[in-house]
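K.L.:
The lines below spell out each chain.
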Amino acid sequence: MATRTDGPARGAQLGRFERVPWRRVILLLLAILIAAVAVIGAYKTLTLPADERYTASTWKDFIVLGIAQGAIIALIALGYTLVYGILRMINFAHGEVFMFGAFAAYFFSSAWEESGFLDSNPWLSMAILFAIAMLVSMTVAILLERIAYRPLRNAPRLVPLITAIGASLVLQNTARGFFGAQSRGFGVPAALEGTWTIFGLELDRIQVLVIITVVLAVAGLSLFVARTKTGKSMRAVAADTEIASLMGIRVDRVIVTTFAIGGLLAGIAAILFSITFESVNFTMGVRPGIAAFTAAVLGGIGSISGAALGGVLLGLLQSLGPALILTGYEIPSAFQLKDAFTFLVLVLVLIFRPGGLLGSDEAEKV
Amino acid sequence: MDGVPTGSVIRSGVIGGLVAIYIALVGLYTKFADLALVGEQVTLGRVLIVAPALITAYAVTRPRVVAGERRAATLRQGLAIGALAGLITGAVFGAAVAFAEWFGVERIREVFVAVTEPLIDFLTFGMGVPAGLLVLAGWCVVGGLVGGFARTAPLALRRPASVGIVAVILFGLLQRIVPIVFVELGYEADWLYSPITKGLTWLGGLFVFALAAGADILWRRSGDGTRDRIRTGVYERPAARIGFLVVLLAVLAVLPLLLGTVISEVLGQVMIYVLLGLGLNIVVGYAGLLDLGYVAFFAFGAYATGLLTGAMLNTTTGAAEPAISADLNFYAAVWIVMLLAAGVGLLIGAPVLRLRGDYLAIVTLGLGEIVSVITASKWAQPLIGGPQGMRGVSKAEIFGLNPQDHPQDFYYLALAFVLFALFVSWRLAASRVGRAWTAMREDEQVADAMGVSTIKYKLLAFAMGGAIGSLGGALFAVSLGSLTPASFEFLVSITALAVVILGGLGSLPGVVVGALVLIGLPGLLREFEEYRQLIYGGALVAIMILRPQGLIPNVRRSRELKEEEVTQDAWARDGTGEIEAVAAVLPGGALGVEEEDLE
Amino acid sequence: MSDTAHLLELEGVQKHFGGLYALSGLDLHVDQGEIVSVIGPNGAGKSTMFNVVTGLYPPDEGDVRFRGDSIVGLAPNRITRLGISRTFQTVHLFANMTVLENAMVGQHCRSRSGVFGSILRLPGTRREEREIRERAQRSLEFFGSRLAGYRQDQPAFVLSYANRRRLEMARALATDPLLVCLDEPTAGMNPRETLELRDHIVRMRDELDLTVLVIEHDMRVVKGVSDRVIALDYGRKIAEGTYEDVANDPQVIEAYLGTKAVG
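Chains as they are written, first to last, in our numbering: chain A, 1 to 366; chain B, 1 to 599; chain C, 1 to 263.
In short, the hints are calculated from the structure, not lab data.
The beta carbon of each residue, even a glycine, is placed where N, CA and C say it ideally should be.
Check before you lean on any hint, since a few could be wrong.
[To be verified] Which bits of chain B does chain C cover? Going by a derived footprint, with three or more residues having C-beta under 8 Å, they are: (1) 380 to 393; (2) 444 to 458.
[Unchecked claim] Non-contacting residues of chain B with respect to chain A, defined by C-beta distances greater than 10 Å in every case (computed): (3) Glu110; (4) Val352; (5) Arg356.
[As the list claims (entries may be wrong)] Listed next, the in silico BS3-like pairs over lysine-lysine satisfying Cα-Cα at most 27 Å (straight line): (6) B:Lys198 / A:Lys338; (7) B:Lys378 / A:Lys44; (8) C:Lys237 / C:Lys223; (9) A:Lys44 / A:Lys338; (10) B:Lys198 / B:Lys31; (11) A:Lys60 / A:Lys229.
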């Protein structure tokens, strides 16, 4: 049988440049270029003439602001990281879960602002606001899982991602239809305005509240995941869903719990975000959502401490980056490019270290 | 009742009621209360009152698998279940309306802006709370009956009826397009569409219903043989295929003359998104790389066209020359734009090659957003105008056509571009390149091990997708003549994705249909504008859950569905005793939805 | 090409996953025109060895040479083009492509037409497409009528398990290789199919002039096809020689039975 065909190139020889690992060469050049741009920019900024330079206290403000905003991002990032750890799915609509919490709290706070309850009982009202936002965000997260994601549990990876994007649009525009398109001012109790002096540093009261709340929340979550039975089931499902279910863990329940916890944290973040920026609107979840996802990836998605670290780092990058690097190049309105900075970090992390700072690169086996 | 899952009916009815409440709160009733479809009474708003009950009833009367046996409800059961589900829907909905009235519309309105007195009026048919609620519930029961009927009546009855009703609603929605065609053709249209309500007249509604139902009956009657002959004739006989194409082209050529400027303009917008869809289809549909930053190519195409054809920067004091610019003829520039866009595709593609699917999606999203943010920043001012944008893009005049100022001329330009892109996509799909993409999409590692350079073909997909997407951008720039950053946001990427996914990944007719539905319909009905994003999002979720292969699946895949049966027959004849395992469930899972109980 | 006698040569290859050594200093060679079987208990590193040879995993240490040149660090598709082709332990077909298209993908690395040729359907492209189709068909016909005829236009997912395995081999043959690596080709096949496949492996050498490296558990197949047998355990070669030599080697018996051989 004349099956053998001597194809034109049977047993081709290696070409001249085929051994060069082009991808690595390109990535290395890219890394060098970016590092150079950053270092030169920072150098130029710091050596600006004294009257154009930022003062030390401005830098301190940038840093505190960065940490405070990073802390909020970290809380949202935990929602992404928990869900990703368990379902290997990017819950793109998590930013909207956050947004609904903020709206829910807004309606109460604005009513109490009128009645004076907000200023007469600032701590009680804040506590109730937290509870409301957490409850609403949690409900939205659970509904989202039930309606949009559960039917797709075993679908190829990109299917739930596309669904999540769709769900994100639906939730955003639901809020727009429900509550209207305009931004609304979020009232802050008078007790939270102004500054406190701590260790000789004059700090915004809200920023202090933000940082303390986030530290408590992250600590609480870590304890929950490490110590409780539910937390242990969550870790088991994250490690191997199938085996966990064989071991008698009710996977569906664990998944719902995970979404619920993500929602609770998003609710806390929603209040902190609202009192920081004093405004809510239906698109408020988009940019924080993407920033939080970036933070989760930066720290190593699936890792709780990674999300916390990533959030704070990203917050610092956002507040310091444009000032430190872009001012040096005399780029006008450098802070307009803050979000581009977020995305650039995201892209670079995924390219150079897809496992994140605290994660490991997961190798897929054939 | 035997075999009637009461619990599930009650649950479904409650869900139907909640859906109706959602529709009310999100403002759809208020928006569409006065959009007449047929006569004065049948408005889109009223259809939306009936719809939740109808859909609930349709869903809850589906055949169930009980103890391994498929059980379809009888017509009597279907109507009974439908009516019950409709009643529950109506009760929940009515209770909500009553609550609103009792609690105080103004107080609710502080939170839910759509809750107004006119809304309550509309939902109670102008009769106020106790009486109107009965009417509301009554209509929900009617919806439930129709839903049950549409599921359980004999096929010969329910099919023509459903087709007829859908056709009436569709023609009602197309109220801005059909009368114009009639008038252009020299016919009277007033008997079909009322000049007062703008919707169909009762006579027109009946006519459309009869026409659609009759066509369906004829189609059924003609028997399987004829149908198959028509189908295979169009698909397989070259002569019939060429004839079909010639007719199609002729229709496309005279269309703008029939439709007038307004609708030609809408079609022009549709075709811009057809181009974006075709480009994205190469990346997502052919190569399987989810690109969420496709707006980058759109923006690049638009701004590059502007810069190459001598557009000026908008400034607070007037116009200024961009830092880089040329004054080329549009038809020369567009080739350069495509070439450059392919280069941008390589640049975007190169660093992300090794990333897994979902990470790749997020990185492309990030890159797209970087483009959007930079486009709108002051930093970009000297080159592309930053927040103020540019104006004075080439009018692309050719053969006496002026696409920028005359929508009909623009239609022809866009059509030429679309045909070009369709041709390229079609040829690529059926080639060695397309085969490599398919293999890569199916299993990247195995394709690599079989000699397909995945790096090369990923880059190629980004380059080709980028080039075609930039064509869309170039057209967009010509159509407006000016560019502002607001046109280049994330929503463009999502819309293009929705177009591709709604039609069916990898399907060229699907892209066209997807763009017609998602861009054309909202374009024809200004009332939809506000709900465009809601519709896109809803479409993405619904398609992924119910029909992931899209409305018009890739021909190859639908053929696969048919061949599954052929195979089994072939094996029966073969007699080798081997059992062919029809194991792999199609990626669509197209058939799975109806059977499973949403438990 | 250099004049070394070996077609494929592994020298001191190490590969570990975390702390687990899948390959620890593996030396092995395959000569032109041989059928070499690799045996060993589960987890001995056989499939890892294939993955290292075909470029899916880079080795941590050591060298892999094909026709005298090192192929370490090359992408899998390059290695395929150089003339090494493979099948997988668990079948990996392109399920939604037709049988013929699956085989045509194999011809990819032996053809060159690109985007412009495809869009314009230049005469050269059409000729090449025809050749690809013919060669793919011939590689399907290697398995007789099992994959040819009406079946070649069916999507791969409707095939029976045995036919899927055959198609995977046909696809590997369609790459016009010098060396085919078959990873447990008879796994899951019934006795009759197994016998048939044994003949196919021999015919690959005799009729197609190929060199075959095969991982196999079925000792009848190993006995029937092998010019040489190599036994692995713990990522190391523990015995090598004719089937009889290896089958009677005390270390091999120990590896399989887990007890010290008597004697």
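K.L.:
Does each hint hold? Answer for all of them.
P.N.:
Hint by hint, here is what the structure shows:
{"no.": "1", "hint": "380 to 393", "verdict": "violated (count 0)"}
{"no.": "2", "hint": "444 to 458", "verdict": "holds (count 11)"}
{"no.": "3", "hint": "Glu110", "verdict": "violated (7 Å)"}
{"no.": "4", "hint": "Val352", "verdict": "violated (7 Å)"}
{"no.": "5", "hint": "Arg356", "verdict": "violated (8 Å)"}
{"no.": "6", "hint": "B:Lys198 / A:Lys338", "verdict": "violated (49 Å)"}
{"no.": "7", "hint": "B:Lys378 / A:Lys44", "verdict": "holds (20 Å)"}
{"no.": "8", "hint": "C:Lys237 / C:Lys223", "verdict": "holds (19 Å)"}
{"no.": "9", "hint": "A:Lys44 / A:Lys338", "verdict": "holds (19 Å)"}
{"no.": "10", "hint": "B:Lys198 / B:Lys31", "verdict": "holds (16 Å)"}
{"no.": "11", "hint": "A:Lys60 / A:Lys229", "verdict": "violated (42 Å)"}
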